[in-house]
Amino acid sequence: MQPPSAVVLAAGEGSRLRPLTEHRPKPMLPAATKPILEHVLDELCAAGVPEFTLVVGHGRRRVQSHFGPSYRDRPIEYVHQEKQLGSGHALLAAEDAVDAPCLVVNGDQIVDRQILGDVLDGHDGAAATLGVVGHADPSEYGGASIEDGLVTGLVERPREDGEYLLNAGVYVLEDAAFGAIRRAEPRAGEHTLTDGLAELIDAGERVDGVVSEGLWVDATYPWDLLHVADDVLADGRNVESGVDPDAWVHESATVRDPAVISADCVVGPGAVVGPGSCLGENVTVGANAVVEGSVVDADTRVGANATLVDCVTGRGVRVGNGSTVVGGPGDVRIGDRVHSGERLGALLADRARDGGGVTYAPGTVVGSSAVVHAGSTVRGTIPDGAEVRG
Amino acid sequence: MCGIVGYVGDGNALEVLTTGLSGLEYRGYDSAGVALGNGRLAVYKRAGELAELEDTLEDVDADGVRVGIGHTRWSTHGPPTDANAHPHTDAAGRVAVVHNGIIENYAALREELSAAGVAFESDTDTEVVPHLIARNLERGMAPERAFRAAIGRLEGSYAIAATVAGSEVVHAARKESPLVIGLGEGATYLASDVPAFIEFTDRVIYLEDDQFARLDAGGAVVADADGAVLDPPVDTIEWDPEDAGKSGYDHYMLKEINEQPSALRDCLRGRIDGLEGSVHLEELAGLEPSGPIQLVACGTSYHAALFAAGMFRRRGIHADAFIASEYHADRLPVDADTLVVGVTQSGETADTMRALREANRAGARTLAVTNVVGSSAARECDRTLYIRAGPEIGVAATKTFASQQLALALVVAELTGSSHGLVDELRDVPDAVQTVLDTSRASEVADAYVDADAYFFIGRGYQYPVALEGALKMKEITYRHAEGFAAGELKHGPLALVTEETPVFALVTGEGELARKTVGNVKEVEARGAPVVAVSDGRTEVDRYADELLSVPEIGEIGAAVAANVQLQLVSYWVANSLGRSIDRPRNLAKSVTVE
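Protein chains in written order, with the numbering used here: chain A, 5 to 394; chain B, 64 to 659.
Take these hints with a grain of salt, some might be off.
Said to hold, decoys possible - Lysine-lysine pairs mimicking DSS-like chemistry, simulated, CA-CA at most 27 Å apart:
1) B:Lys309 with B:Lys538
2) B:Lys309 with A:Lys38
3) B:Lys586 with B:Lys554
4) B:Lys554 with B:Lys538
5) A:Lys87 with B:Lys309
6) B:Lys586 with B:Lys538
I should point out that these hints are in silico values taken from the structure, not numbers from a laboratory.
With these hints in hand, go ahead and build the complete structure from the sequences.
Right, dumping it as structure tokens:
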């Protein structure tokens, strides 16, 4: 079908990515150097989508200020979902702004033009068509069972292997689908899009599933941002390895590919950036510092002689002179659960700062605006705004 | 301060004119009107916002109308009424005229015309123009000559467009008010500013003072005052008209406040070298002022100028900021050694332009610091530095002030020398502003004090201009009484105004003497029972005396002045929002003040 307008769901915080999401939603976290959502819009543009409706909520000003009234000459309409009560609720918030059929995608997972194109091409007479991928593990996500091109079942976090394919979160919806989403009973206060589609199937309507080989990447946990960056750099379509013409890299510094150094960055003498490092706008890497396999968000300052390996930073982080993030693997506590052996040197949330000479044990999580005093050795999880000496 | 539009094309004049007027609404909005030429002239005009006019026009059949002019007005002469709205016509309805500016000799002309039997329908200065043209037509002059002869009688400032019944031509003239021509395919456009027709064409000719233009569907002929045909350059507009959208914000003002981090990045990009710790402004190359520096500006821009003058003086350079409308009265000595810096967002501010023109005549070197490419200031000054804030639609200046602060800091650094410390400080500003935006408690503070009798703002050093700007923003959009003071001046009079119902916003950043002394002033107002709102980076004890705290990150003095102001912008916004004010278009104000 002709690409219709797209609804992009970008209101959710992504609580498993805390503390990075204190001031912005998951779609605005960096995939390499650009927000995840920007990759999604790039791919929607490539698939020929003429206009966007963005459903925004948590940290919505970040989205609105980043994209403004249009993206690559395609107009954007913003719809505010005041309470995040599920993907179905988000979609209903946008109902008045769009006409069916419309394309619906998640703004916090990277999908490529191939999946989008496959689903658009595969939409032929069904009340809804959804895209699934066979090459990723559905156990943390939504699963769909497909028989002869028809979706026969939809579940969250399927346990058994093989029976379910991963729901890529790419849908073409007709009017009937909106009605079903409205009819579906909320569960645990949440109105999900998949419950709506299950309702649609129960009502005897046809819901098609299209299996695609396209790229699908999600960051569930903070360390996934490192894998996402690797995937995005390897894919190369939306972020190219290289140094922006408006960045300043000292002639004695070394940039090891793949690496992205964005506009306004300063890389000092003797510093080494990469491989696998992504520096957002206006980052400083001090003299002789090493930044390897790390995603460093905008306005962060890495002091002279500091070492960051497998590190994820938020915006405006201050890593002092001679501080060391030794690299993964490490054990990371997210909520009540400890994840063992993950590739994470340290996670430093927005505006965390240290006084220099700090050693971060593998898997350390430092909350936003937390302060670590000079010479400390830290491990585990440091809450937002805390001061640590040790 | 008004906006005018004109169109000659292939038959959708009404649609083009109303689109154009909505693109100019920021220039004024107390009345609007259009004249459509279709054999005879039909004039529609209404007091009120453009929407009122659009209601009137709903039932008008304007198919096939090829020529028209339009106007959105902000009153300078006469109240906003239907009669005072433009276009104005002669008694026979043969000539229609729209005008932006002030005709200084209109009283004399009106007397002359009245004596000759002309009856006036409005109180406006503009109405003399159609009558003058009509009288010339009666004397047998061709329309173009009649127009030129009428314009020749005028003293003052004007951008004027006129059309004569039965012709498919728009005549235009400019003196000290902006006017730009747009060249389309089979259609030609005229407007006070580019947003009026950017939807239709991006090829433009900026009309200069004392030039005339004759527009028909095939293009425009530009001539000088003596009628000699000129060959003006055709520019291409490169910015995106979509920038005019609100992007999901309730008001342009809030959108523009939130755009400040990226606007500041744009302002700095390519102009500072973080490796060398140096500033490079090609625009200022070779400009080595040997004499005093005079900054001239109005309103918010004046506060940015005050900030810059302070920066110059701390670096040992003799610099002063002047209110542009007073600059003339001061009769300052100006010579070839003087550098006069005009700070004007629009580049069209009449008072600032007058000061710059006087400086040019006196042989001084002139520098425009402006946001609008191709504006009068940019074209008439020796040098121009663009602040790169992008279009600002809200009448109350927000992001353009922040960008002016940083652009002027760059000017100071370029002329007096930069350092690693300064460049690092400038690079930290966008994130400091983002931090304020992410964490501000301004809406809670606004809720707490929305019913206050008045709002006072105090600061010292670089925070003094911020105190003035904080008060101006509060006045502009909340219509509440607000004043900014140098903190040390409080006890020399204003303290008498301080009560339990007048919150005092104290700007206290850094830990030096200025900050400590401001804390002393805070104790004075606290002792009088006034609520204290501290805008603080936490480096002094002011937090202890404050009833409410608005935090800014620890950053250098320049960044602190930018970040603290953002907190005050947000407080004004939320107070105005609670009061239900017309935030983007406060009463009695217009964005670009093109009359003196």
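We went through each hint and held it up to the structure:
no.: 1; hint: B:Lys309 with B:Lys538; in the structure: 23 Å, holds
no.: 2; hint: B:Lys309 with A:Lys38; in the structure: 23 Å, holds
no.: 3; hint: B:Lys586 with B:Lys554; in the structure: 12 Å, holds
no.: 4; hint: B:Lys554 with B:Lys538; in the structure: 23 Å, holds
no.: 5; hint: A:Lys87 with B:Lys309; in the structure: 22 Å, holds
no.: 6; hint: B:Lys586 with B:Lys538; in the structure: 25 Å, holds
The structure meets every hint from the earlier list without exception.
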